[in-house]
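Peer 1: Please build the complex by placing chain B on the supplied structure of chain A, with the hints as guidance.
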Amino acid sequence: MEVTRTKLAEGVYLTYLPARKFKTSLLSAQFVCPIRRETASAYALLPSVLRRGTVRYPDLGALSVRLDGLYGARIDYTVRKKGESQCVGFVASLIDDSFAPGGERLLEPVAELLGELICDPVTEGGRFVPSYFESEKTNLIDAIRSLINDKRDYADARLLQEMCAGEPYGISRLGSEEEAQRLQARKLYAQYGELIASSRLELFYSGGAELARVEQALQAAFATLPRENVQELVPTLPHTARQTPRSVTERLDVTQGKLGLGFTCASRDDTALLMGNTLFGGSSNSKLFLNVREKLSLCYFASSVYHRAKGIITVSSGIEFDKFQAAYDEILAQLAAVREGRLDDWELEGARSVLLNAYASMGDSQAKLENFFLGQAATGQEETPELLAQAVRDVTAERIFEAMETVSLDTVYFLEGKETQA
Amino acid sequence: MKQTFYERIGESVLRETLPNGLQICVVPKPGYAKKYAFFATRYGGMDTRFQLDGKWLDTPAGIAHYLEHKMFDTKEGNALQELAKNGAEPNAFTSNAMTGYYFDSTSRFEENLEILLSFVSIPYFTQESVAKEQGIIGQEIRMIEDNPDWQIYTRMMQALYSASTARTAIAGTVESISHITAETLYECHKAFYAPSNMILTVVGDVDPVHVTDIARRVLPREGGPAIRRDHGTEPEGVCQKETRKEMEVSCPQFLTGFKCTPAPDGEAYMRLAAVGEMACDILLGDSSPLYQRLYAEGLINASFGGEFEMMPGVAYLYAGGDSKDARAVAAAIREEAHRLAEGGIDEDFYQRVKRAAFGASLRGLNSFENIAVSLTEGYFHDYDPFRFPQVFDAISKDDVAAFLRENIVEDRAVLSEIVPKGA
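Line by line, the protein sequences are chains A and B. Under our numbering, the first residue of the first sequence carries the number 1, and numbering increases by one thereafter. Under our numbering, the first residue of the second sequence carries the number 1, and numbering increases by one thereafter.
No wet-lab data here; the hints were simulated from the structure. Built from N, CA and C at the ideal position, the CB exists for glycine as well. Treat the hints with care, as some may be off.
[What the hints assert, rightly or not] Partial list, computed: chain B residues near chain A (C-beta under 10 angstroms):
| hint | residue |
| --- | --- |
| 1 | T74 |
| 2 | E76 |
| 3 | N78 |
| 4 | L80 |
| 5 | K85 |
| 6 | S95 |
| 7 | M143 |
| 8 | E145 |
| 9 | V249 |
| 10 | F358 |
| 11 | A360 |
Bound conformation, chain A alone:
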């Protein structure tokens, strides 16, 4: 994979990936800043307010007319958490120039619009248009509340909140409802000024255009971006491990229970932990899937995620309420099996090939590439997917068992039904 990283201005970086095989080009602009309780909701709100209108296209209608005319180009706002950084901005997708029936150039006008959304929002009396601010604030509060609608996502988020309470990693990408309720129009405009002047701007392009053309289009688009006070990225700190595991139980009116387990990993051998987690619960061939779900029918789903930047592993499962103890015991028994190297012959190579397949196919999806390289930039990593794949090829069974030996239970989260339920 041919990746070029260039510095376009103070704290403005472009990751450029040429590719002609797609029907579309993807262009992304993301501000990266430390996630903090006091600013998370404000920064989460910003791109949605900016997406409402620019000086030249002052409302959604005018923006839609413009985007439809560019063959249905899309510009979506995004709010993500990468390590302990919050990333907010826009991702644009436009059809490749070669498919434009009129032979139009589409990259330049889309880059220009992206720049306007960020640098040139429509304002009234020195702040955002009040009706835009109010309705997007309501939408943000609704989005935070609606997390509860999907019980699996809700349980996963609650586990992280409880496990990393007091650490930035425990803060939701959208912040909290309380902080969102407190947002004010005038203050938000000031926070907007701070964000765009002081945060790293990560630009990303994948598509058929030459590097020089992309640089030129983006330089023109962001020519007026203030850059007087750009802050360094803040590294993600490892989780502070608990001496005794903490248990949290919550009750809601649901028919299926959710059991989440959080583990700390003392080892810093990332690749070994990644492989260990894939063996444990990271694929449809993992110990959790095959044993807890398939063999014992204890849950409908059971899987685990290795949070590389934070050095933790979390398990997510859906169970019947009365299976709590059985599922809990079995999940820990499967972890012990990985630790002690109780693996069938195929398991190690199977896990390795799942990861290698994921790295190899990453170049086939513009969205995955964008998300991967943003994560790398935000957490200060530089490896390409190829280098990570090489590390996976090189990791030995001994290193995996050694690394998994340092994995210890930290937090247990259980979501169960209301007792009054008939």
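Peer 2: Showing chain B alone in chain A's frame:
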């Protein structure tokens, strides 16, 4: 193999029909590391009543989905494991009228393709393995029953249709699946998994000749008879105007559905799909005047959206999202449809939406899964989905206005709501 090149979208498809009736499509994708195979049968959640060996069978709701789960069992163990050992990511889904099995992999593609074709064509169930699956699928059903999006959609379908099996929940219920036996599963497999009822689509940088060779070698030599199905005789009117359920949700949600006149298979099917999609965008898409107005008034938020869907004997347009006043939004949609149908659609607006629709369809070709599913749908309904630019060219704003006039009216509308507990 017969190759067709589609110049306007820069794609080509190689097609061949084997003597056993299996249709094969290969879409070459040079430059991609990933190779994708999709093996599908024309059999889904709505095919519960059908004729096998001259006799009508009534099978339990959810059986197609149940069969999908059980197909991964092989005499040697589990096909999921075998594929995953090779680094492939296998999966499957069951929709109303289709069951599809697929994987993608970056290495050992041909070996994986053999495994896929083999496990889908060779059933292996025992009474014990069928009984055990009841626990797993029972959990899956409970999980989706907790999901408000699923509830609101399923209840809308049950309000729209009174007889059509389009109203049947694809996974069935915990009760209905308790009647499933190994014997019924074998019968369903025999009826619907004959090569003549199936299509294999491969997308990626592969050798098309090897693909057909593998299919010839692994699959049965004989096809099967066409299976008659009974999807119910659906009356014209809707079943129930309104339905409402309380759930543990943060804010009220709604879907309003419109029962539309379906189209027969062939070119007409694809044309109706395009007209319905355009009608949906013009009536309530992101850039429509209605969307702008309702968004500005705070009656809808970014969750709002609509779709036009078709399945055998059935077509419907629906829209919804979070709203504090579902009735007002539903009424506004009907009024706007009336205004567009009677007052006509602005030509500039129409052209703009058409441009955007072209861009969206083109974007869809980045996804291998989307390509394979489109080709499969097209094959089952006898049209060529890659001719979408020509079909868009052939429809006009008057076709869209006529569609709205006929279908988006009070008589054909239902409202499905989910509201917070105690609201």
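Peer 1: All the hints need checking, so say for each whether the structure fits it.
Peer 2: The hints, checked one at a time:
| no. | hint | in the structure |
| --- | --- | --- |
| 1 | T74 | 13 angstroms, violated |
| 2 | E76 | 13 angstroms, violated |
| 3 | N78 | 7 angstroms, holds |
| 4 | L80 | 6 angstroms, holds |
| 5 | K85 | 4 angstroms, holds |
| 6 | S95 | 20 angstroms, violated |
| 7 | M143 | 5 angstroms, holds |
| 8 | E145 | 6 angstroms, holds |
| 9 | V249 | 5 angstroms, holds |
| 10 | F358 | 6 angstroms, holds |
| 11 | A360 | 5 angstroms, holds |
Hints 1, 2, 6, counting from the list given before, are not met by this structure.
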